[in-house]
Amino acid sequence: MKRILILALATLFFVACASKTVDPMQERIKKHIVFEGFSEDIVKSFNYRINSNSLLEIELILFSEDSETLSYSISWLDEDGFKIQTPSYSEKKNNIKLKENQEFVIQRVSENKDAVDFKITLTKG
Numbered sequence: 001m002k003r004i005l006i007l008a009l010a011t012l013f014f015v016a017c018a019s020k021t022v023d024p025m026q027e028r029i030k031k032h033i034v035f036e037g038f039s040e041d042i043v044k045s046f047n048y049r050i051n052s053n054s055l056l057e058i059e060l061i062l063f064s065e066d067s068e069t070l071s072y073s074i075s076w077l078d079e080d081g082f083k084i085q086t087p088s089y090s091e092k093k094n095n096i097k098l099k100e101n102q103e104f105v106i107q108r109v110s111e112n113k114d115a116v117d118f119k120i121t122l123t124k125g
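Sequential numbering from 1 applies to the sequence shown in our numbering.
Some clues are possibly wrong.
[What the hints assert, rightly or not] Here are the computed distance ranges between Cβ atoms for each label pair:
no., residue 1, residue 2, range
1, E100, D78, 36 to 46 angstroms
2, T86, D66, 15 to 25 angstroms
3, K99, S73, 14 to 24 angstroms
4, Q85, T21, 32 to 42 angstroms
5, Q102, E79, 31 to 41 angstroms
6, E100, I50, 32 to 42 angstroms
7, N101, S54, 33 to 43 angstroms
8, N101, D78, 15 to 25 angstroms
9, T123, G81, 17 to 27 angstroms
10, K83, K30, 18 to 28 angstroms
11, K92, R28, 18 to 28 angstroms
12, E27, T121, 25 to 35 angstroms
Simulated from the structure, these hints should not be mistaken for lab results.
In this text, a Cβ means the ideal position worked out from N, Cα and C, and glycines have one as well.
Full structure from sequences and hints, please.
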């Protein structure tokens, strides 16, 4: 009887763990993107890597079924989580217009090899 009970509990445990698998892209989105007035559903694809020049590179593909106007900004962070000050366009708000049922690709490369993390802020309007 004990064996049956242990087997039943073990099976229940494995079924519960298997049903809670999280999509890796959703984990990356939650860690790196802040949505202000948007749903996560606008993100079609999201990747990042350290490129051959040892610089952090990101690619974000947005898709909307409706025309949308939004702005985005990217903050590059060092290993301690501090914002890296860059003279470039990346930290300012960039306005974009998403056209109905078309992809919009945002690709950026950090200017500083100290950048090991980042935060993207997407704002409606």
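Each hint, compared with the structure:
| no. | hint | verdict |
| --- | --- | --- |
| 1 | E100 / D78: 36 to 46 angstroms | 39 angstroms, holds |
| 2 | T86 / D66: 15 to 25 angstroms | 33 angstroms, violated |
| 3 | K99 / S73: 14 to 24 angstroms | 21 angstroms, holds |
| 4 | Q85 / T21: 32 to 42 angstroms | 39 angstroms, holds |
| 5 | Q102 / E79: 31 to 41 angstroms | 37 angstroms, holds |
| 6 | E100 / I50: 32 to 42 angstroms | 35 angstroms, holds |
| 7 | N101 / S54: 33 to 43 angstroms | 37 angstroms, holds |
| 8 | N101 / D78: 15 to 25 angstroms | 39 angstroms, violated |
| 9 | T123 / G81: 17 to 27 angstroms | 22 angstroms, holds |
| 10 | K83 / K30: 18 to 28 angstroms | 20 angstroms, holds |
| 11 | K92 / R28: 18 to 28 angstroms | 24 angstroms, holds |
| 12 | E27 / T121: 25 to 35 angstroms | 18 angstroms, violated |
Checked against the numbered hints listed earlier, the structure breaks hints 2, 8, 12; every other hint is satisfied.
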